[in-house]
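Construct all of the structure, not just a fragment, from the sequences and the given hints.
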Amino acid sequence: MNPLEKLESEQKSETAPALVIDSLASIRDMVSACIQCGTCTGSCPNAFAMDLTPRQLWYNVLRGEKETIFHSKTFSLCSVCYYCTLRCPRGLPLTEAMSALKQIAAKENLAPYKKSTRFYKSFLESVYRHGRVREMELMTLYFISMKNPFLPLQFAPLGIKLMGKGKISFEIPSKGNGALKAIFRKVEELEQN
Amino acid sequence: MKYLYYPGCSLEGTALEYNSSTRTFMQELGAELIELEDWTCCGASAAEATSHLLSLALPALVLAKAENMDGVKEILVPCSACYLNLKKVEEKIRKDRELLDQINIILAEEKLNLRGQMKVRHLLDVVANDVGSKKIFARVKKPLTDLIIAPYYGCQCLRPYSIFDDPEDPCSMEGIIKASGANIHQWNMGGRCCGASHMTTKPEVALELVAAILKMARGADAIVTVCPMCQMNLEAYQKKISGMCKEDLSMPILYLPQFLGLALGLSEQDLRLDMNLSFTKAFRNKVLS
Ligand code: SF4
Ligand code: SF4
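For the protein sequence lines, the chains are A and B, in the order given. So in the working numbering the end of the first sequence lands on 193, straight run, no missing numbers. So in the working numbering the end of the second sequence lands on 289, straight run, no missing numbers.
Be careful, since some hints might not be right.
Claimed, not checked - Subject to a maximum C-alpha distance of 16 Å in a straight line, what follows is the list of computed EDC-like cross-link-like pairs (lysine to aspartate or glutamate):
(1) A:K167 / B:D274
(2) A:K186 / B:D101
(3) B:K92 / A:E96
(4) A:K165 / B:E12
(5) A:K161 / B:D274
(6) B:K215 / B:E247
(7) A:K73 / B:E204
(8) B:K111 / B:D38
For the record, the hints were derived by calculation from the structure and aren't laboratory data.
Below, the structure is given as structure tokens:
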């Protein structure tokens with residue numbers, strides 16, 4: 001199934017289901033050597049907007065507090081800058097661990113993260129269809145999946161600027177030729193095993 | 001100097017001017033760029049946020065196609081997000097045979113096989129090290145001595161892999177900018193994060209990050225970037241941010257090859273300065289008069 005179709009057909013769950021526990025174990029392994037020094041927090045450009053600091057998030061991962069983790073915005077606020085990974089005195093793969101949490105939120109389609117998840121899946125939908133992302137199609141798919149009639153207005157000023165420059169053109173989403181269908185399908189198959 | 005060239009999706013859309021200025025600039029310096037045939041998306045930040053395996057399979061597909069092109073062993077990438085995705089596969093498969101096998105099971109769907117022979121190079125790395133400031137200096141037709149430039153590196157060409165620069169205190173742009181005659185704006189924001197795709201899904205957070213960068217750039221005539229995402233975030237929201245901070249934070253933002261191209265006397269059309277959102281009249285008069 002293509003990325004957006006899958007999103008539609010899945011149940012929207014409010015809290016973390018049982019499957020999360022398994023995947024959380026591998027993330028716990030990634031941060032098991034954490035000494036709670038706080039270097040990650042001090043290095044994170046997005047810490048000011050987080051409810052749990054990165055250090056606190058890792059503490060909760062170590063304790064397996066999945067309710068706390070998946071009600072927190074923290075991992076979805078990671079902008080993948082790699083400062084924490086670079087500076088962690090224990091050399092832990094922290095950015096990858098943040099991404100692994102995002103992957104669970106996307107797979108389980110957890111409600112608190114639906115904005116980011118829909119954006120990422122709209123992106124991949126466009127890639128799945130054409131082999132490359134078409135920026136205008138991505139935005140259209142994202143607006144449609146968010147089902148918020150006012151959302152496009154937020155982006156209109158930028159859209160008009162970019163169109164004026166000839167950088168993007170109005171594009172009705174099309175099915176494309178399913179250029180990367182086989183790759184997506186194989187990845188999905190391997191991940192289920 | 002001969003490289004395979006992977007423009008990536010942004011350079012065909014919102015970053016068209018990065019594409020044309022890179023091609024023109026590199027050609028002017030005698031480098032040959034061969035565009036990778038039939039290239040596909042690297043997955044950007046979207047694949048990594050949804051599936052670990054997909055985030056490796058998509059760039060691996062690009063590298064496998066690259067390995068099939070004869071005679072060229074290095075692939076040049078101007079976009080930092082594409083660069084890191086491709087670099088990650090290069091680095092990971094070198095240490096992890098099992099992962100390479102798994103990737104090849106996926107690539108077999110496209111009758112491709114990855115061997116791990118391609119070296120991934122960022123445009124900045126190539127310009128700073130293969131071209132170098134001496135060669136640039138020798139070709140300068142229009143020294144930009146009146147300008148103070150703030151070099152902005154962003155994250156993903158610096159971290160997590162420190163390949164060609166110091167990830168804490170980057171300086172690879174300084175020599176080549178000075179070669180153009182311009183001066184360096186001394187600041188410590190060069191490697192800070194612009195918020196990346198937060199600008200779409202969490203604008204309130206990304207706007208704060210960009211505001212901090214624009215504030216520290218005060219005193220410079222322009223910021224120079226090496227990534228389409230950084231460029232867009234730094235230039236497209238200046239009005240909004242100025243309103244938010246109640247001060248004028250507008251600032252011309254140029255891609256590195258656009259800026260260096262100006263010093264080399266390349267035409268405004270070839271560098272596609274008309275496409276920048278922040279190429280102000282005042283700056284134009286300063287560099288093109
Ligand atoms: S920097 Fe590393 S060791 Fe220190 S708190 Fe963060 S994860 Fe733990
Ligand atoms: S990689 Fe993510 S969590 Fe780590 S410092 Fe950067 S934004 Fe914060």
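Do the hints match the structure? See the list:
{"no.": "1", "hint": "A:K167 / B:D274", "verdict": "holds (11 Å)"}
{"no.": "2", "hint": "A:K186 / B:D101", "verdict": "holds (14 Å)"}
{"no.": "3", "hint": "B:K92 / A:E96", "verdict": "holds (13 Å)"}
{"no.": "4", "hint": "A:K165 / B:E12", "verdict": "holds (13 Å)"}
{"no.": "5", "hint": "A:K161 / B:D274", "verdict": "holds (12 Å)"}
{"no.": "6", "hint": "B:K215 / B:E247", "verdict": "holds (9 Å)"}
{"no.": "7", "hint": "A:K73 / B:E204", "verdict": "holds (14 Å)"}
{"no.": "8", "hint": "B:K111 / B:D38", "verdict": "holds (14 Å)"}
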